[in-house]
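Enquirer: Going down the list, the sequences are from chains W and Z. Those letters in the first sequence? Residues 229 to 537, per this note's numbering, in order. Those letters in the second sequence? Residues 9 to 312, per this note's numbering, in order.
Honestly, I wouldn't trust all of these hints.
As the list claims (entries may be wrong) - Below, a sample of chain Z positions facing chain W; criterion: calculated Cβ distance under 10 Å:
(1) L16
(2) V18
(3) L19
(4) F22
(5) M148
(6) S154
(7) I167
(8) V168
(9) V169
(10) L263
(11) G270
(12) S271
(13) G274
(14) I279
(15) W280
Just so you know, the hints here were simulated from the structure itself, not pulled from any lab data. All C-beta atoms, glycine included, are put in the ideal place defined by N, C-alpha and C.
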Amino acid sequence: MTGYSGPIPTAIGAVLLSVLALLMLVEGRTGFAPFGIGLLAVLAILMLIAGRVQRPGRGGVLPPVLLGLALLVLWEVGTRAYEVPAVILPPVSAIAVRFASSLDILWQDFVQTFVKGALSGYIIGCGAGFLTALASDRSPFLQRGLLPVGNFLAAMPIIGTAPILVMWFGFDWQSKAAVVAVMCFFPMLVNTVQGLKATDSMQRDLMRTYAASYGQTLVKLRLPAAAPFVFNGLKICTTLALIGAIVAEFFGSPIRGMGFRISTEVGRLALDMVWAEIVVAALAGSAFYGVVTLLERAATFWHPSQRRG
Amino acid sequence: MRGGLAILVVLAGFWLLWMAAVPPMNMKWEVSQAQRAGAEVVLPEGNIRDASALWLTLRNPGLIPGTYVQEKPRLPAPAQVFAELWDTTVGKRLSSKRSLVYHAWITLEATLLGFALGTGLGILLAVGIVHNRVMDASFMPWAIASQTIPILAIAPMIIVVMNSVGITGLVPKAIISAYLSFFPVVVGMVKGLRSPGLMQLDLLKTYSASGWQTFWKLRLPAALPYLFPSLKVGIAASLVGAIVGELPTGAVAGLGARLLAGSYYGQTVQIWSALFGAAIVAAALVGIIGIAQNMTLRRMGFGR
Chain W
229 MTGYSGPIPT
239 AIGAVLLSVL
249 ALLMLVEGRT
259 GFAPFGIGLL
269 AVLAILMLIA
279 GRVQRPGRGG
289 VLPPVLLGLA
299 LLVLWEVGTR
309 AYEVPAVILP
319 PVSAIAVRFA
329 SSLDILWQDF
339 VQTFVKGALS
349 GYIIGCGAGF
359 LTALASDRSP
369 FLQRGLLPVG
379 NFLAAMPIIG
389 TAPILVMWFG
399 FDWQSKAAVV
409 AVMCFFPMLV
419 NTVQGLKATD
429 SMQRDLMRTY
439 AASYGQTLVK
449 LRLPAAAPFV
459 FNGLKICTTL
469 ALIGAIVAEF
479 FGSPIRGMGF
489 RISTEVGRLA
499 LDMVWAEIVV
509 AALAGSAFYG
519 VVTLLERAAT
529 FWHPSQRRG
Chain Z
9 MRGGLAILVV
19 LAGFWLLWMA
29 AVPPMNMKWE
39 VSQAQRAGAE
49 VVLPEGNIRD
59 ASALWLTLRN
69 PGLIPGTYVQ
79 EKPRLPAPAQ
89 VFAELWDTTV
99 GKRLSSKRSL
109 VYHAWITLEA
119 TLLGFALGTG
129 LGILLAVGIV
139 HNRVMDASFM
149 PWAIASQTIP
159 ILAIAPMIIV
169 VMNSVGITGL
179 VPKAIISAYL
189 SFFPVVVGMV
199 KGLRSPGLMQ
209 LDLLKTYSAS
219 GWQTFWKLRL
229 PAALPYLFPS
239 LKVGIAASLV
249 GAIVGELPTG
259 AVAGLGARLL
269 AGSYYGQTVQ
279 IWSALFGAAI
289 VAAALVGIIG
299 IAQNMTLRRM
309 GFGR
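Model the full structure from these sequences, guided by the hints.
Expert: Following this line, the structure appears as structure tokens:
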């Protein structure tokens, strides 16, 4: 890239431009003047990313972080410069203020929806799916039927069972856990069944020549070989768990919970609270996914997809 | 052929489980009705609410047939659900508000529009990611992160906000569908567009093919086998998005509205038939993509 003079001046420029745009907004000037300066700041950030990816390798974590930063600057400056009504899109700073000032409500909702509903349902659903796959393992006939039926059911809009399960298990977190468990069951079952088939006949023959029993073959060969598939299922289910718990609350819930809060605050047009709740959901979802990914890295360090460098 | 038999056995297993679950699930209501009518019923000591449903069922076998034909059962019998399905699809005019076909069509419209939007966007993004280093390094982590956010939680907000700027009906639902379906397409297409080996790329270089020609004649055809499985996942996700998109506004039409109305009024048979309707639509959509996949890949020489 010609004319590119190193990352530090560009970074300083980006910070200065952002500060300038915000200062103008605080002064009360709106319209294109602050927005244009904000755009220049975003451009500087994009140049930083471009400079970063010129080097060999993919640039690590910096480019995505910078892109997120650029979007936040654009959001904040854009909503304030053009005075977008808060009922359509509140500025980032308003969301941050609301987030900080209602930590207790957010925590209570998080516990109700994520810890009680999503997490317990996730454990029950994934556990049941895994155990069912193991149980069907002795019968190849059963598996031949279970795999297509499970695949079919995994693609179904299982979320539709939410009203039924809310009717059966009541409004509190038990019904949310039930929805999550049903949603997690089939992806987990299908992935585990596929994983248990992942060994080839050469490896199984080797275990036979060692006179290994069924249990030994399972524990020492087939379960480790199935681990990448099992973790794939676990990862798919992290997203499903949060979705299931939140959507189930639309069908009835006690007066706390993330889904309840979102649907009531939308009704009151308090969008900053809704966004704060979404931030919680995003953080919880990403952290959940991240933890499962770390567990996967620890458990399947030998697999080619985990190799680095 | 043995695969077909195995599937039938598994389905029969589900069916039996369902049939067996009906009496205990519905027994309490049946017993209290019979008691009110003055019939002989076996009751445990104390309150009927504390009695175990299984105990009641085993002690009152005469009441079991009644549990299969209740009007508002906790768990409807299979026959009731399929009778309702038949009645609301074949038994009603297609334009009638009580026809399930009418509601399914409303949801299907949003699903298809959202799927088209999501697929188009996903393919464009994938092309950008494969051809542009800045996008590759900075965008992909956000695409992954975007999926760990339960977008369905944001659905009510999208719908209400778009309502307040005057956009209602099909488009907000389609946007939710599009958001859910774009991610599988991006992942599949990026993988597919990167699938040509160094050897193949080098060959095109020796032909002095331009970047554009490489894209049209090598990368895009090579990506198709990866694209179709993603499309299958994507269209199923689109349908879920459209159904959930109907929930928060208290929509009056669509499969999601049927679910919601059913849950408000305790019409369990209606909920179950809407659920099966949704499953049938999903299966049909995935099936259509499967047929398109077979035809396309066979013509391209991938078929076996």
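Enquirer: Take the hints in turn and mark each one as holding or not.
Expert: Going through the hints against the structure:
1. L16: Interface hint status for L16 of chain Z: holds (7 Å vs cutoff 10 Å).
2. V18: holds, 4 Å
3. L19: holds, 7 Å
4. F22: holds, 8 Å
5. M148: holds, 8 Å
6. S154: holds, 9 Å
7. I167: holds, 8 Å
8. V168: holds, 5 Å
9. V169: holds, 6 Å
10. L263: holds, 8 Å
11. G270: Nearest chain W Cβ about 6 Å off; hint holds.
12. S271: Hint holds; S271 of chain Z Cβ to chain W Cβ min 3 Å, cut 10 Å.
13. G274: holds, 7 Å
14. I279: holds, 5 Å
15. W280: The hint holds - W280 of chain Z has a Cβ within 10 Å of chain W, the shortest such distance being about 7 Å.
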